[in-house]
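Trainee: With these hints in hand, go ahead and build the complete structure from the sequences.
The primary structure of each chain is shown beneath.
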Amino acid sequence: MSRPSAVFGSGLAKGLAVTFRTMTRRSHTAHYPDAQPELPPRSRGVIGLFEENCTVCMLCARECPDWCIYIDSHKETVPPAAPGGRERSRNVLDRFAIDFALCMYCGICIEVCPFDALFWSPEFEYAETDIHELTHERDRLREWMWTVPEPPALDPAAEEPKEIAAARKTAEKAAEKAAAEAAEQAEQRGEPE
Amino acid sequence: MDALDVTLRLVAVLLAFLVLPLLVGQTEHKVMAHMQGRVGPMYAGGFHGWAQLVADGVKFAQKEDVVPDGADRRIFQLAPAIALIPYLLVLVAIPVWPAPGNGGVGQAIDAGIFFVLAVMGVGVLGSLMGGWASANKFSLLGGLRTAAQLMAYELPMLLAAASVAMAAGTLSLPGILDAWEWWWLPWQIIGGFVFFTAGLAELQRPPFDAPVADSEIIFGAYTEYTGLRFALFLLAEYAGIVVLSALTAVLFLGGWHGPFADGLGWLWTLLKTALLSFVVIWLRVSYPRLREDQIQRVAWTALVPLALLQIALTGVVKVVM
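As given, the protein sequences belong to chains A and B, one line each in that order.
Under the working numbering, think of the first position of the first sequence as 1, with each following residue one higher.
Under the working numbering, think of the first position of the second sequence as 1001, with each following residue one higher.
Treat the hints as calculated values from the structure; they're not laboratory data.
Even for Gly, the Cβ is constructed at its ideal location relative to N, Cα and C.
Fair warning: there could be bad hints in the mix.
Using C-beta positions, here's what the derived DEER-type ranges look like [to be verified]: (1) B/His-1048 to A/Asp-130: 31 to 39 Å; (2) A/His-132 to B/Gly-1227: 35 to 43 Å; (3) B/Phe-1047 to A/Ala-165: 57 to 65 Å; (4) A/Asp-155 to B/Glu-1216: 50 to 58 Å; (5) A/Pro-41 to B/Gly-1227: 45 to 53 Å; (6) B/Arg-1291 to A/Glu-128: 42 to 50 Å.
Mentor: Here is the structure:
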């Protein structure tokens, strides 16, 4: 529907102008295999396992909607920390695997992990010709950890991170205590004079 | 004219026939892509996908040549040739550079315009044959639409060409160009518009591509074609673009006329042809497909009266001068 006031054919000319202008501008094509894409920092490419942090609590495997996480473990006893104490038992990880053919990249495992053992990595080039090889075993998941970007910086006026706040409080307390002790000692040394 | 001369001319025409449509096709790939903010083929041949159409040709040649069970076998197999060869014949008669006597043309024909328009009309028969012989309702629909379009647009095309023939007082294409003056450009502009538009419709190029409308009737008359025969139909479309652009350039834009026409006449013809081919591609990218009834209305209520107006104008100017 052209407006009655418009000159006949102005719409046609406008159409030609739009396509011509687009032709003179740069295209929007991402030249992917030739040029790597610039991914946003929180891209969900692959999941990395920081196995030193894993306690085999199985929360990730249980929350996974696709049941694509496989965990095997056994218990080991650790000698008592103090002489005469009780022996402790500890979980040892035998197998940790994620089947990326099933994974739907929801990130619930990463959310629920209470020990910060799972992380998102933006790496995405792990296509395989055999579907079985999409099941990444423990060592491969550990390798992905090297590609996990450092967490984004906090906002300028943000609250201190909890860990740092706690550490700083402890340090301040210790410093206060040390200062008080030093003052006390100085007093004691001063009295005999 | 000796045998060597004839052979050379024919080889040159054949070469142009094989190269120019591919050039137009590649340009379409690239121009259409950039008009849509894309880059088009980038890999085939290494540099910006220059060999994409060669790769396409190799692919088409490898494919199975299928003829449907219920098809009229011989007509079905003949159709692509009928669609393609007329454009080769037309190319023979198009003058490229000024030369006395025979001229820079494959074969100067006294009634050049007649020959060219008649043979171009034959090309459409290929679509009709394919549409009828395929034993497929979509093909048949496409063929019927092609026929309707041919009926509607052949008339304004002929009338527009007749206007130029009237102005020049000759039917020979080199003769028309010999008589051409620069002020014919504004004088014949309406006729040029009608001729070019009607030609687009006969080639079934967007926005007049209802006969092949892939989103409505699959691919019209070409639905059942595969492999090399399908490629020949596609090649016919691009050869058609070259021929239509060259003819419009010769009849309405002065062909070889331009600065240094004696030495660079062929360049002017090629440039004008290339420019018009670009416009054909540009129109395809810019406009949506016309509906079947809209196509008919454009022909009968706009192009035919405009062509008649052009003929009247030509007649009046001719008598007054």
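Trainee: Could you run down the list of hints and mark each one as holding or not?
Mentor: So, going through the hints one by one against the coordinates:
About 35 Å separates the C-beta atoms of B/His-1048 and A/Asp-130, a value consistent with the hinted range of 31 to 39 Å. Remark: the range hint 35 to 43 Å for A/His-132 to B/Gly-1227 is upheld by a beta-carbon distance near 38 Å. Checked against the hint of 57 to 65 Å, the pair B/Phe-1047 and A/Ala-165 passes, with Cβ atoms roughly 59 Å apart. A hinted range of 50 to 58 Å holds for the C-beta pair A/Asp-155 and B/Glu-1216, which are about 55 Å apart.
The hinted range of 45 to 53 Å is satisfied by A/Pro-41 and B/Gly-1227, whose Cβ atoms lie roughly 50 Å apart. Judged by the Cβ atoms, the range 42 to 50 Å given for B/Arg-1291 and A/Glu-128 holds: they are separated by roughly 49 Å.
In terms of the numbered hints stated before, the structure departs from none.
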